[in-house]
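Protein sequence lines correspond, in order, to chains C and E. Going from the first sequence to the working numbering is simple: count from 1 and add 62. Going from the second sequence to the working numbering is simple: count from 1 and add 62.
Where hints are given, some of them may not hold.
Said to hold, decoys possible - Listed below are several chain C residues computed to face chain E (Cβ distance under 7 Å; list not exhaustive):
#: 1; residue: V126
#: 2; residue: I127
#: 3; residue: Y136
#: 4; residue: A149
#: 5; residue: Y152
#: 6; residue: E288
#: 7; residue: P291
In short, the hints are calculated from the structure, not lab data. By construction, the Cβ of each residue, glycine as well, lies at the ideal position given by its N, Cα and C atoms.
Protein chains: 2
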Amino acid sequence: MLELYHFEPAANSMKPLLALSEKGVDFVSRQLNLEGRRWEQYSDWFLKINPDGQVPVLVHDGKVITESTVINEYIEDVFPTVPLRPADPYWRARMRIWTKFVDEYLCPALTVIGANFATPFAQKIDKAEMNEILSRIPLDGPRKKWATVSSTGYSEEDVADARRKLKVTVERAEASLAEHEWLAAPTFSLADVNAYSMISGTERVLPDALNAEVSPRVHDWLRRMEERPGVKKAMSYPGRMRPPPPQAA
Amino acid sequence: MLELYHFEPAANSMKPLLALSEKGVDFVSRQLNLEGRRWEQYSDWFLKINPDGQVPVLVHDGKVITESTVINEYIEDVFPTVPLRPADPYWRARMRIWTKFVDEYLCPALTVIGANFATPFAQKIDKAEMNEILSRIPLDGPRKKWATVSSTGYSEEDVADARRKLKVTVERAEASLAEHEWLAAPTFSLADVNAYSMISGTERVLPDALNAEVSPRVHDWLRRMEERPGVKKAMSYPGRMRPPPPQAA
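Pulled out of the complex, with its shape left as it was, chain C reads as follows:
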C-alpha cells in the first residue's frame, strides 16, 4: 500500500507526484486543501501522520517518509525499475548537488516571491483566526513565513534578493544545460524532477526572469519537460497551477 499526501501539482508536492508518474508506480492520492478546505496540513488528523505539518508525505505499508527530496530518493531505492538516478556515481553526485541547490538556495527564494502573492489574501483573514492557525504550525520556518505574509509581507529588499537568487539559479541551469541534455547529467534524473517542480510556475509569474531570450536552454528544457508523459500525468491532479501554453518557436 502506497499513499501520497500532497497539495496541488506544484513545488514540493509536485516532486514525488512527478517521480511516481515518471516511474509508472501506482499510488493512492490523498490530496489536501481541496474544495475550500484550508490549512489541512495543520489539522489534528494530519499532524498525527506528520508532526512537522508538512506536505508531501509518503506512507508505504504504514511507514511514514517525509521531506520531498528524501521521498524521491526513497522512491528510487524502492522502485528502481525506471531509474531516475544516473548509474554512474559521478553523475549521481552532480544530480545531488542540483537537488541540494534547489532545496537550499532556490526554494527559500521562491518561498519569499510566492508568499508575497499570498499577502493580499492572508491579510484578509481575521486576526484571531490567523493567530489560531499560527499557533498550530509546528516548524518555526513556516510559522515565521505565515506571520510575515499575513501582516506586512516580505520587504522590497527581501523580494529583490529572492529575485537575484532566481537569476543566479537560471544562470547556473543555463551553464549546466550547455554541458549536457538534462539538468545535471546526460540522462534525465531527479535533478530535472525536483528543479522542474519548483521552477515551472516561475515562467508565467515572472516572465522577465525566464524566457527564450534570457535563458534559451532553460526555456527549451521546460518545453521538453512539458512533453514528457510523466509531467502530463502529474499535472492531471487538481490544482490552480497550470503549465503555460506552448509558445510558437
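Knowing the structure of chain C, use the given hints to seat chain E on it.
Just chain E now, kept in the frame of chain C:
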C-alpha cells in the same frame, strides 16, 4: 587516485574525513590554510578546482565532487564495503532526513554562532585587505557572512535565534536517540558522521546547550563517537579543534 582537499578536522571538512576513516579508504590529504596561510580556498589555484571556493572537495581520478553531504553519498556509492547507509530504504530515508536537517537547520545556526567567535580576529584585518578578500569570495552566502563578521558581527537577535535552533536540534537528537542506538537508525550511518562533525565542538564552546544533564543521550552518543577508531583517525589531522577530554562517569 583519491584526493581530499579539506580544512582542519571539524564541521564540513570533518564529514568526508570521518566517512573515509570509518571505511578505511586510503586517500591523499590536501589540507588548506595550514601554517598561517589564510583564505587559501579563494586562491587562484583552488578556484580552478572548485569555482565555488568551498572546502571540502574530493577529486577521484580527476573527477571533482563538491558539497560535503554529496561527497559522503558519493564515497558510499563508490566504496560500499563498509556500509554507512542503512540497508533498509526506510532507515536510509531517516538517515537522509537527518543529514538534510543538519545542512539546512543546524549548520546555518552554527555558522552564526561560530562566526561571532571570529569577529575580533576579522575586525583587525586591514579594510583594504578585507575588501580584496571579499571580492574573491564567489558565493553570496559566505561573502555576506565574512562582510558581517569583519564589520559589526551578527546581532544579538541573530545569535539568540541561532542558539534556539541549536536547542531544537539537541531536543530532536535526544528524541531520536531514545528510539534507537544511533542518531537516525539502529545502525551507525552518515547521519552520525555528519551530525557529529558539526556538533562535536559545540559541547566545549557552549556547555550550557549540551551536557550530561540537559541532553544525557546526546552526551552519551558523543562519548561513544569519540571511542570509534574512525573518529580518532579523522581527528589526527592537524587542527585547532580538539575533542573535549573524556569525562569520568
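Results of checking the hints against the structure:
1. V126: For V126(C), the interface hint is violated, since the closest Cβ of chain E sits about 9 Å away, which is over 7 Å.
2. I127: 5 Å, holds
3. Y136: Check passed: Cβ of Y136(C) comes within 4 Å of chain E, closer than 7 Å.
4. A149: Status violated, d = 10 Å.
5. Y152: 5 Å, holds
6. E288: Because about 29 Å separates E288(C) from the closest Cβ in chain E, which is outside the 7 Å limit, the hint is violated.
7. P291: For P291(C), the interface hint is violated, since the closest Cβ of chain E sits about 26 Å away, which is over 7 Å.
When held up to the earlier numbered hints, the structure conflicts with 1, 4, 6, 7 and fits the remainder.
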